[in-house]
Amino acid sequence: MRIVPGALLCALALLLAPRDAPAQDLYKSLDLIRPSRAQAAKEFSVPALDGKTLRLADYKGQVLFLNFWATWCPPCKEEMPAMERLYQRYKGQGFAVLAVSVDAEGAPVVTPFVKEHKLTFPIGLDPKMALAERYGVRALPTSFLVDRKGTLVALALGPREWNGKPAHALIESLLR
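FYI, in our numbering the residues of the sequence shown are 1 to 176.
Incorrect hints may appear among the rest.
[Claimed, not checked] Now the in silico label distances, taken between C-beta atoms and shown as ranges:
1) Leu-175 <-> Pro-108: 31 to 41 Å
2) Lys-165 <-> Pro-74: 18 to 28 Å
3) Gly-136 <-> Arg-55: 13 to 23 Å
4) Arg-37 <-> Glu-116: 35 to 45 Å
In case anyone wonders, no lab produced these hints; they're calculated from the structure.
Beta carbons: idealized from backbone N, C-alpha and C, even for Gly.
My request is simple: use the sequences and hints to build the entire structure.
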């Protein structure tokens, strides 16, 4: 058997590459920020649009997409349809979306928006921005990805194409 030097270098590079290199590429392709150290998502409870209370603990064992948004925010409106499609695609596999509205007016403006855009994932209300502040939200939309263990794995500032191939691959990697 003849070993080609280039092939040997490629094989060596594959063996020495970090095991999560493809995952790193997924985060980069979506321009996501990864925490510099592992940290648990901060516990919370917020009122839901339907009157119930939503808590981080409700999503234990699931991959959680936690999004902060407002009805008056054009980039938020831009990404909502993709978030809905992502939710529909993976909701039966341990994936959850929770979109927390920071609209000061609360349910009276959020309810018609949700109906108009046919959103089916849970909607939390944070009119005083207490939860947004707890999570350090400084821009809208801001999204956090939390893995099944409750660890914060990524942050997105601004809208993303959440229904594209990179997002699907990332969510699938987190669901494994």
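Q) Checked against the structure, which of the hints given earlier come out wrong? A) none
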